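Chains A and B supply the protein sequences, listed in that same order.
With this note's numbering applied, the first sequence covers 1 to 176.
With this note's numbering applied, the second sequence covers 1 to 176.
Heads up, some of the hints might be wrong.
[What the hints assert, rightly or not] SDA-like mimics (lysine to any residue), calculated; alpha carbons at most 20 Å apart, straight line:
no. : chain 1 : residue 1 : chain 2 : residue 2
1   : A       : Lys-108   : A       : Tyr-63
2   : B       : Lys-140   : B       : Pro-64
3   : B       : Lys-135   : A       : Asp-136
4   : B       : Lys-108   : B       : Pro-64
5   : B       : Lys-135   : B       : Ser-114
6   : A       : Lys-140   : B       : Gly-60
7   : A       : Lys-106   : A       : Val-75
8   : B       : Lys-10    : A       : Gln-48
9   : A       : Lys-10    : B       : Gln-48
10  : B       : Lys-10    : A       : Leu-132
11  : A       : Lys-135   : A       : Gln-33
12  : A       : Lys-135   : B       : Ala-139
13  : B       : Lys-140   : A       : Asp-146
[Unchecked claim] Here are some of the chain A residues that sit facing chain B, going by a computed Cβ distance under 10 Å:
no. : residue
14  : Gly-14
15  : Gln-48
16  : His-50
17  : Asn-79
18  : Thr-102
19  : Arg-103
20  : Leu-120
21  : Pro-128
22  : Thr-133
23  : Ala-145
24  : Glu-149
25  : Thr-160
26  : Ile-165
27  : Thr-167
28  : Arg-172
29  : Trp-176
I should point out that these hints are in silico values taken from the structure, not numbers from a laboratory.
Note that the structure is a prediction, hence the values are computed from the model and not measured.
C-beta: ideal position from N, C-alpha, C; glycine also.
Number of protein chains: 2
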Amino acid sequence: MTLEELELLKQTAGLTTEDMRQLLLAGEVLGDQAGEMVDTWRGVIATQPHLARYAMRTDGSPYPEYGAASRPRFVQWINDLCAGDWDQEWLDYQETIGRRHTRAEKNKTDNADSPDHIPLRYVLGFLPVVILTTKDFLAKKGHSADEVEAMHAAWTKALTLAVTIWTAAYTREGDW
Amino acid sequence: MTLEELELLKQTAGLTTEDMRQLLLAGEVLGDQAGEMVDTWRGVIATQPHLARYAMRTDGSPYPEYGAASRPRFVQWINDLCAGDWDQEWLDYQETIGRRHTRAEKNKTDNADSPDHIPLRYVLGFLPVVILTTKDFLAKKGHSADEVEAMHAAWTKALTLAVTIWTAAYTREGDW
Chain A
1 MTLEELELLK QTAGLTTEDM RQLLLAGEVL GDQAGEMVDT WRGVIATQPH
51 LARYAMRTDG SPYPEYGAAS RPRFVQWIND LCAGDWDQEW LDYQETIGRR
101 HTRAEKNKTD NADSPDHIPL RYVLGFLPVV ILTTKDFLAK KGHSADEVEA
151 MHAAWTKALT LAVTIWTAAY TREGDW
Chain B
1 MTLEELELLK QTAGLTTEDM RQLLLAGEVL GDQAGEMVDT WRGVIATQPH
51 LARYAMRTDG SPYPEYGAAS RPRFVQWIND LCAGDWDQEW LDYQETIGRR
101 HTRAEKNKTD NADSPDHIPL RYVLGFLPVV ILTTKDFLAK KGHSADEVEA
151 MHAAWTKALT LAVTIWTAAY TREGDW
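Assemble the whole structure, with the sequences as input and the hints as a guide.
Next comes the structure, spelled out in structure tokens:
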């Protein structure tokens, strides 16, 4: 994906200059909560066996080392997303993250023994949980309802854009 | 996709029994606004040439007949989504809608002369626009902020679930 294509995707998601400013503000609010956000989402995943298995060993036993290894990358990903400095390196990394959810590269980074592919429908289907729970984190530092709403709209757009880039790894050549 | 798989996807998206009730309420609020919602989204698409082209003739000229033919189906889709009666027929239809965005079946229903495939990234990338604009429509009938928020959360989950089903048409066998 090129930066020109990214620009069109930003337009598609409705990401304006004002949204990018709101996203930076969201980053300030979320920065020190990012670890807690990741843990919250993983907590939701842990309650659903059909999702939890992709973070477990292939034999279905717990695998805390795997979660611990990826956690700081996930936290950093939140902060990088909110920083909004989406250059070619960031873009390439989103494509890499996509592949790391699929049989192309899952488990490779951490040499993990876990199911080798997360179905696309579970990646996309989980978006609402990430969208909606983030609003609570945005509201935790005393901002007005309107301020939270504006940061949350920017987050919704940015998050969807990033996960949309991930989906390239799942799509037939030329169809993405 | 089976109804059992749909149930797992509902769980993934966080769709609770209370959300399904809120979705019905959203349907009551949105019912007579569904046409206006479709027109709003199409208005946004019309301002972006990289999106607008998929609703135009292959030579790039306007194609109002094509938009007019699909509009009542789109309106009905909103109402069916909010009705929440997601049986096998509804499920199969979501898969059909997915194919109708791709080179497998785009243009077929209306025998249209239009580009034959909408890239997945534009389908997914447009989700935030549909999510966020719907909140305004939900707020138009005098409900409290909390009531609007609850209906909107349900809408966000249901919409993402339906579009997630569409993506099966874009995905390699076994990866979805």
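- Message: Are any of the numbered hints broken by this structure? If so, which, sorted upward?
- Response: 2, 5, 6 and 17
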